[in-house]
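Construct the entire structure; sequences and hints are all you get.
Listed below, chain by chain, are the residues.
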Amino acid sequence: MTADNWSFVFAAYGLAVVVIVTYWRFLVRRERELSEGDTLRRHGSGMPEPQAEQRSP
Amino acid sequence: MKRLLGAVTVVGLVVGLVMAFGIAPREATQGNVQRIMYLHVPSVWVAYLAFAVVLVASIAYLARRSEGADRLAHASAEVGVLFTGLTIATGSIWGKPTWGTWWTWDARLTTVSILFVMYLGYLLLRGMIDDRERGARFAAVLGIVAAFNIPLVHFSVYWWRTLHQPPSLMKPGPSTMPGVIVAALLVNFAAFTLLYVYFVTRRARVLRLEAEAEA
Numbered sequence: 001m002t003a004d005n006w007s008f009v010f011a012a013y014g015l016a017v018v019v020i021v022t023y024w025r026f027l028v029r030r031e032r033e034l035s036e037g038d039t040l041r042r043h044g045s046g047m048p049e050p051q052a053e054q055r056s057p
Numbered sequence: 001m002k003r004l005l006g007a008v009t010v011v012g013l014v015v016g017l018v019m020a021f022g023i024a025p026r027e028a029t030q031g032n033v034q035r036i037m038y039l040h041v042p043s044v045w046v047a048y049l050a051f052a053v054v055l056v057a058s059i060a061y062l063a064r065r066s067e068g069a070d071r072l073a074h075a076s077a078e079v080g081v082l083f084t085g086l087t088i089a090t091g092s093i094w095g096k097p098t099w100g101t102w103w104t105w106d107a108r109l110t111t112v113s114i115l116f117v118m119y120l121g122y123l124l125l126r127g128m129i130d131d132r133e134r135g136a137r138f139a140a141v142l143g144i145v146a147a148f149n150i151p152l153v154h155f156s157v158y159w160w161r162t163l164h165q166p167p168s169l170m171k172p173g174p175s176t177m178p179g180v181i182v183a184a185l186l187v188n189f190a191a192f193t194l195l196y197v198y199f200v201t202r203r204a205r206v207l208r209l210e211a212e213a214e215a
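As given, the protein sequences belong to chains X and E, one line each in that order. Going by my numbering, the first residue of the first sequence is number 1, and it counts up by one from there. Going by my numbering, the first residue of the second sequence is number 1, and it counts up by one from there.
I should point out that these hints are in silico values taken from the structure, not numbers from a laboratory. We put the beta carbon where it would ideally sit given N, CA and C, even for glycine. Please note that the accuracy of each hint is not assured.
Stated by the list, open to error - Ranges of calculated distance between the beta carbons of each label pair, as one might list FRET restraints:
# : chain 1 : residue 1 : chain 2 : residue 2 : range
1 : X       : 25        : E       : 67        : 21 to 29 angstroms
2 : E       : 124       : X       : 10        : 31 to 39 angstroms
3 : X       : 18        : E       : 165       : 24 to 32 angstroms
4 : X       : 10        : E       : 214       : 41 to 49 angstroms
See the structure below:
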């Protein structure tokens, strides 16, 4: 029977959680910054606000 | 829709964790360190999927000059690089207690590292060229060329004598693994695929907003 090496298991899963959450937070923050900038530009130019549903990636 | 996809992805990942730690048994030969495979194998699956999407979107961009295809290729490459990095890191963490080393210049490890560097170069190339159309065109060509490395990575364990074991699941024919281990792997494959779709959708939207802000 081999050693369980739980520390390696937790290190791998911990690293994955950090990487995935960090990337998700980057996407959310960047999207919010750009959406706010987009809203400000539309207000400045007098353009109508687009409906959220009309936007697609 | 975005929130729904996010919620389904989180549920999928939680179920995947329950399968990996609660349902799947302790592997007889490797012990509990084998549970890293429920993270490592789906990560490389997402990397393959992401780079295959880069290939298709790059061809579509060159054929139609569609900005949507370019954004999809860019987003997918970024997510692919993220998951290739995760594959290498988790494989290394698994390798230390199993092989006795963090790293070896084995054919599979070397080819996957080349894959990682090639797509890192793809992202750097996009960032280096100011002319958006020119950058997209060059990146599309690199996205097509780099995809030739994917079969090289996958079949390296058959073509060369390697320390890395051959595929247990992504191969023709029935699996030799116990059903519960296969089920845990498949649930994590599904959860990671959802995570890929969620990340690419959000990244492509960010890229579109960036393009609009620059215009």
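Now for the hints, and whether the structure bears them out:
no. : hint                               : result
1   : X:25 <-> E:67: 21 to 29 angstroms  : 26 angstroms, holds
2   : E:124 <-> X:10: 31 to 39 angstroms : 33 angstroms, holds
3   : X:18 <-> E:165: 24 to 32 angstroms : 27 angstroms, holds
4   : X:10 <-> E:214: 41 to 49 angstroms : 43 angstroms, holds
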